[in-house]
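Novice: Chain by chain, the residues:
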Amino acid sequence: MDLMHHSSTFLLPSIPVDSHRPPLTYALVVLNQSLPRFTPLLWQQARLHLCADGGANRLFDEMPLFFPKENASDVRRRYKPDAIKGDMDSIRKDVLDFYKSIGTKIIDKSHDQDTTDLHKCITYIRDSSSDVNKSNLCILVAGALGGRFDHEIGNLNVLYCFSSLRIVLLSNDSLVYLLPRTHRHEIHIQTSVEGPHCGLIPLGMPSSSSTTTGLQWNLNNTEMKFGGLVSTSNVIEGEKVTVQSDSNLLWTISIKKL
Amino acid sequence: MDLMHHSSTFLLPSSPVDGHRPPLTYALVLLNQSLPRFTPLLWEHAGLHLCADGGANRLFDEMPLFFPKENASDVRRRYKPDAIKGDMDSIRKDVLDFYKSIGTKIIDKSHDQDTTDLHKCVTYIRDSSSDVNKSNLCILVAGALGGRFDHEIGNLNVLCCFASLRIVLLSNDSLVYLLPRTHRHEIHIQASVEGPHCGLIPLGMPSSSSTTTGLRWNLNNTEMKFGGLVSTSNIVEGEKVTVLSDSDLLWTISIKKLWSEITLVPS
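Sequence lines, in order, name chains A and B.
Read in my numbering, the first sequence has 111 at position 111, and its numbers run on one by one without any break.
Read in my numbering, the second sequence has 250 at position 250, and its numbers run on one by one without any break.
Quick caveat, the hints were computed from the structure, so don't treat them as lab data.
Misleading hints may appear alongside valid ones.
To be verified - 25 Å max Cα-Cα, derived BS3-like pairs, lysine-lysine: (1) A:Lys93 x B:Lys257; (2) B:Lys80 x B:Lys100; (3) A:Lys93 x A:Lys109; (4) B:Lys225 x A:Lys225; (5) B:Lys93 x A:Lys257; (6) A:Lys105 x A:Lys134; (7) B:Lys257 x B:Lys69; (8) A:Lys93 x B:Lys256; (9) A:Lys256 x B:Lys225; (10) B:Lys105 x B:Lys93; (11) B:Lys257 x B:Lys240; (12) A:Lys80 x A:Lys134; (13) B:Lys109 x B:Lys134; (14) A:Lys80 x A:Lys69; (15) A:Lys105 x A:Lys80.
Chain A with its partners taken away, still in its complex shape (with noise of 0.2 Å):
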């Protein structure tokens, strides 16, 4: 079984080089949530930029709140999101005819009510990839946890509708992806921004068998099912954490309040 590794470099201020691996390509999704205070810094890791629908209005009214002592216009200029698709239910005008008029591509999806959002922008990137890029290509998604809950649970989905893809899920408190039972996996820690609560989630399918390295309470050959055991507040020792299940895993870390 191959070896998958995660590390949410995205998270720091400069992204380490790891001779070992070759570097992932990032993509930024921005959903229709108040932006994570770290949103520009996830910006600038990623080479492309999305909006879905209403998360071009939280970039726009949002963004320059970072950058207090700049024009809030030349914020909006530099932090210009390359497409914003969707079904267009939410974004406001004001919003749309701004974007247009500096370049932003707008991709209308409104008769698509079968997918989400977000779905819908994931599609987008998965299809503008070459098949050599998606194999190192990280999709980080701002505002996607919180909020209503049928819409954090159908951002959950995403990450198993598109179990090859790697897909971070982000909020100011945590952040979440999916730990595809194909693998085994490695997740190194960076103790810097994130941790140490943490956990490991067997949604939408009952796990019988995981074993892991690095926590608080370590599972061994455990079975872990809604309505039994599940991992949460957990604790991570050490920097780095092994799983191997079963089944497919969520992964949550607690992101530091910096």
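Fit chain B to the supplied structure of chain A, relying on the hints for placement.
Specialist: Structure of chain B alone, referenced to chain A:
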């Protein structure tokens, strides 16, 4: 298969009398997140009031903000929890001392690291209720969604661990509760306070077959699972939704942004 009725009457200013069914008894648990704007309303409906550890900090700090014209100390005495339970690693000393001094029961379970604070509170409520009372008991949990993701998941797991109890998780935006597969369900929509956005979620296990009425996109012996179809961003149509499934499902519905008369707690 027996029918189970659901209705968010706890979000209404006064509970309507239903001659067909005995009224529910409510208990309220406050968790360690900013109090939802309708918390005073939930408090009025409930006969038992608990704080889970740091939920006491929130009650102490934020309840007076709902009554800015009143003396904070008076508000705190009026909104006195019956008990504070948990592992006590979040509650502030000044808050603990205050509630002790006015007679709140303090149940320190700091030795027990195997269950969450919410889990401890639900067992306290369950063990305090007689069998007769449990069948019409409904536990309301404020501040249960959002915040740290693993906490939210732990709270959702409590719904699944106590599947025979009515437990409703509440935030400013949504409410969530379990629809056990052992029953057919009728959900009576209180359109003045909830909706229209809703969802049905096979949280822990796929569902081979679910059937609904009353939604814009109804299910008809439809399979649902993570990685496939999960009913989110659905819409309530009319005042009654019915659900039948081979699997436990979570029901969620959006809460309307009302209560403009009450001062909103600054976030």
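Novice: With reference to the structure, classify each hint as holding or not holding.
Specialist: Structure-based check of each hint:
no. : hint                : in the structure
1   : A:Lys93 x B:Lys257  : holds (23 Å)
2   : B:Lys80 x B:Lys100  : holds (10 Å)
3   : A:Lys93 x A:Lys109  : holds (16 Å)
4   : B:Lys225 x A:Lys225 : holds (15 Å)
5   : B:Lys93 x A:Lys257  : holds (23 Å)
6   : A:Lys105 x A:Lys134 : holds (22 Å)
7   : B:Lys257 x B:Lys69  : holds (23 Å)
8   : A:Lys93 x B:Lys256  : holds (24 Å)
9   : A:Lys256 x B:Lys225 : violated (33 Å)
10  : B:Lys105 x B:Lys93  : holds (15 Å)
11  : B:Lys257 x B:Lys240 : holds (21 Å)
12  : A:Lys80 x A:Lys134  : holds (23 Å)
13  : B:Lys109 x B:Lys134 : holds (24 Å)
14  : A:Lys80 x A:Lys69   : holds (19 Å)
15  : A:Lys105 x A:Lys80  : holds (10 Å)
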